[in-house]
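All chains should be built: construct the whole structure from the sequences, respecting the hints.
As they're listed, the protein sequences go chains A and B. Take 1 as the starting number for the first sequence in this note's numbering and just add one per residue. Take 102 as the starting number for the second sequence in this note's numbering and just add one per residue.
Heads up, some of the hints might be wrong.
Said to hold, decoys possible - Covered stretches of chain B (in silico footprint by chain A; criterion: 3 or more residues with CB under 8 Å from a CB of chain A, positions within the stretch not fixed): (1) 108 to 116; (2) 495 to 508; (3) 528 to 535.
To be verified - Computed far set for chain A versus chain B, every beta-carbon distance over 10 Å: (4) 4; (5) 5; (6) 10; (7) 39; (8) 40; (9) 41; (10) 43; (11) 61; (12) 69; (13) 74; (14) 75; (15) 76.
Hints listed in this document are in silico derivations from the structure and should not be mistaken for laboratory results. We treat Cβ as the ideally placed atom computed from N, Cα and C, and that holds for glycine.
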Amino acid sequence: MGLTTDITLDNTHFTIGLDEKFDFAKVHDFKEAYSALPPDVQVVEVDLAKTEYMDSSALGMLLNMQKSLSGRDLTFQITHCRPQVARILKISRFDKKFDIS
Amino acid sequence: MRILIVDDESLNRFLLIHMLEQEGYSECYEATNGDQALSVARQVDPDLVLLDVVMPDMSGYEVAPKLKALSKTNYLPIIFITSLEDRASLIRCLEVGGDDFVAKPFDRLVLAAKIRAHGRIRSLNTRIEQQNAMLLQHQQAMDREHEIVDHIFKNAIRHTPEMAACFDFKLAPAEQFNGDVFLTEKSPSGGAYYLIGDFTGHGLASAIGVLPVARAFHIMAEKGLGVAEMARTINATLLHLLPANMFLAAIIAEISDDGCQQQIWHGGMPQILVKRATNQCIEALPSAHMALGILAPQEFESHCITLECNRDDQLLLCTDGLIEITNSEGVMLNEEGVEQWFAQPDATASAIHARANQYTGCAQQQDDMTVVIYTCQPFASILTSPPDKPALPLTVAMTLAAPQLKDPDIMTRFVDTVCQDPGMAAIRSRLFTVLSELYSNALEHGVLRLDSNLKQAEDGFIAYYETRAIRLAELTAATIHIKYVYDPDRACITLTITDTGDGFDLEQVQKVGDSAAFGRGLPLIFELCDTVQYSKGGREATVTLLLPWAAALH
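Laid out in structure tokens, this is it:
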């Protein structure tokens, strides 16, 4: 599928990597990706290095993830945004809720 | 050894030949006057000449330079045989080109010793001649090779005129070939990529690494890959190619179409300086990673920083060749010195390069030196060359019925179709977002009659998409009509999407907070489009998107 997950050896940094398209077709896989998050995780990173297309359902998925993990002390990062994707995140004021880089 | 004896007196010739034969020189030739000497010399190419000074017609003084001239490339020893004893005559012997003289009557041992000495000089000379010829050949072969390599480098590192106009750069290699590299390429989304790098060392050995890097950079830039992935790929390539003691310090960045946002991967290069246009303050961005070609793929860190700028802010990028220049007192310029130069109001790459030359005085340049200054400006203004702008006034209209509506990739396919022209790359990503928002609204709310409030409930987000899937599977009779019109004269795309649903109340939908997991589609549409209009009670949406070069048309 167009989604990969990765965790550091010490189990603290969990990364979800998306492919070129981050849209509603990823709803299930994306939720699945963080559903069994190991207890030691401190940082959840969404890596958008490859993502060229994004729609508002992707924004919904990101917020949904934050909401469903809200009971835990986690830092959420959105990383490697391409300029066009960064623009959409900026328009939607996601910089208030995520570390975007 | 071939010896030519020139003497008008046969007795002298006889004596000399006899002596020489006793000494083991059997290859002797005789001439009785100057003319004969020259013609024999032409035939036998002697290794040494014994020349009488006083002869009728042509004296030895006249013959000597002519004999020398015959033996153009090599040293031909001429020993004068003379009964003259005045100093002036002896000096003249040497001045006309003679190498030595023996006095009559001859002393056999002295003569033989002199012949051996000059023979040695001649054979030494022959060896030097041969070595010179070989060196010359090597030199010519190397020049030819350098010419070819130079040609390849020039082709590998070529900036398009548009890109060259956007960056102010000056590269000064320490030798013919540059171990520093500066690359630029347009990005498909209307911005640009650049790479500034510095291979270990300088000269051809370090320049050779530029070729695979330039190739990988241009291919990845054309594909529009992210900076992190570019860095990762180039690292893997270099790790494989380069010897362990060689690597590439580099900065790789992608600049957005408005020129003001950059994604930067910074490994092992001197700090980037940012000069703000508003107050001339300078900020420094230090290197975050190790250079490329050192770390194994699993150790590699691709983390990038995002730099936000305003129009006319300036960036200075340089290689350590500039930082490490020293003046006549041995004082290094350092990063502080570079910062001071950059702070000058008229700082250009050429001006900084000129100051660097002044600073070092006439000392030879030790390392390759590269300076790049980028002034933040929208790239739209430079993408005006005709081939970049799609010229065809294209209209694409389609009516999607149930079977097509069930295809999840239908919008990607539509965007691919209308963005066939490479000039559309600038708007592709934006067009996709706008179109998929409009389409999702038409399909989910119009055709499938899904209610966004569904998303508010616990796990509603998933429930919403599950319901969407069920209703879509059951769908039999519904259509969505999409019309795309590109007007090259206005550089404008007009999209009209009409569905067969019930429509909606725009004002009602717009009242949504920031943290709701839905209701973000409409604000996105309003922000990304230049105009948005709903008609037919919300069943039809018409939006326009201006291409980056639209402003330059008026």
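Evaluation of the provided hints:
Under the rule that three or more residues need a Cβ within less than 8 Å of chain A, the assignment of the segment 108 to 116 of chain B is violated, with 0 such residues. With 0 residues having a Cβ less than 8 Å from any Cβ of chain A, the segment 495 to 508 of chain B misses the three-residue criterion, and the hint is violated. With 5 residues having a beta carbon nearer than 8 Å to a beta carbon of chain A, the segment 528 to 535 of chain B meets the requirement of three or more and the stated coverage holds. Residue placement check: residue 4 of chain A keeps its beta carbon more than 10 Å from all beta carbons of chain B (closest about 13 Å).
For residue 5 of chain A, the requirement that its beta carbon stay farther than 10 Å from each beta carbon of chain B is met, with the minimum near 16 Å. Against chain B, the non-interface label of residue 10 of chain A holds: every CB pair exceeds 10 Å, the least being about 15 Å. Annotated as non-interface, residue 39 of chain A keeps its C-beta farther than 10 Å from every C-beta of chain B; the closest such distance is 22 Å. In this structure residue 40 of chain A is separated from chain B by more than 10 Å, as the shortest Cβ-Cβ distance comes to about 20 Å.
The non-interface label for residue 41 of chain A is consistent with chain B: the shortest C-beta to C-beta separation is roughly 18 Å, beyond 10 Å. No Cβ of chain B comes within 10 Å of the Cβ of residue 43 of chain A; the nearest lies about 12 Å off, and the non-interface call holds. With a cut of 10 Å on Cβ distances, residue 61 of chain A falls inside the contact zone with chain B, its closest approach being about 7 Å. Distance check for residue 69 of chain A against chain B: the nearest CB is about 13 Å away, which clears 10 Å, and the non-interface claim stands.
With a least CB separation of 17 Å from chain B, residue 74 of chain A remains clear of the 10 Å interface cut-off, as annotated. The beta carbon of residue 75 of chain A sits about 14 Å from the closest Cβ of chain B, which is more than 10 Å, so the claim that it is off the interface holds. Its beta-carbon lying about 14 Å from the closest one in chain B, residue 76 of chain A satisfies the requirement of being farther than 10 Å from that chain.
Comparing the model with each earlier hint shows violations of hints 1, 2 and 11; every other hint is respected.
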